[in-house]
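Enquirer: Residue numbers (full-length UniProt numbering): 1 to 54.
Think of the hints as simulated: they come from the structure by calculation, not from any bench.
One thing to keep in mind: the hints can contain errors.
[Claimed, not checked] Here are the simulated distance ranges between beta carbons:
| hint | residue 1 | residue 2 | range |
| --- | --- | --- | --- |
| 1 | K37 | S4 | 43 to 51 angstroms |
| 2 | S4 | D34 | 30 to 38 angstroms |
| 3 | S35 | T2 | 29 to 37 angstroms |
| 4 | K37 | V3 | 48 to 56 angstroms |
| 5 | Q25 | V3 | 29 to 37 angstroms |
| 6 | S4 | A38 | 47 to 55 angstroms |
| 7 | D9 | G39 | 43 to 51 angstroms |
| 8 | L7 | L28 | 28 to 36 angstroms |
| 9 | K37 | T2 | 47 to 55 angstroms |
| 10 | N5 | L36 | 40 to 48 angstroms |
| 11 | V3 | D34 | 26 to 34 angstroms |
| 12 | D34 | V13 | 29 to 37 angstroms |
| 13 | F30 | S4 | 33 to 41 angstroms |
Glycine residues also receive a C-beta, built at the ideal position from the N, C-alpha and C atoms.
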Amino acid sequence: MTVSNALADEAQVIKDTNEALQDIQETLAFSLVDSLKAGDHPDILAPRLNVKDL
Numbered sequence: 001m002t003v004s005n006a007l008a009d010e011a012q013v014i015k016d017t018n019e020a021l022q023d024i025q026e027t028l029a030f031s032l033v034d035s036l037k038a039g040d041h042p043d044i045l046a047p048r049l050n051v052k053d054l
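Between the sequences and the hints, there should be enough to build the whole structure, so can you do that?
Expert: As structure tokens, this is what we get:
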């Protein structure tokens, strides 16, 4: 295998990994939005303050 072939293979692996990570990020974002719309996590946007925190 030549160096240029190895670099091309590595570039393709990086591209494929980035695409997979983008898919995961999109899925997580949609899941969070759906959860917030459903009211599953009311404290995410407005967390409760504890007296000890003041």
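Enquirer: Please flag the earlier hints that this structure goes against, numbers listed from lowest up.
Expert: 2, 3 and 11
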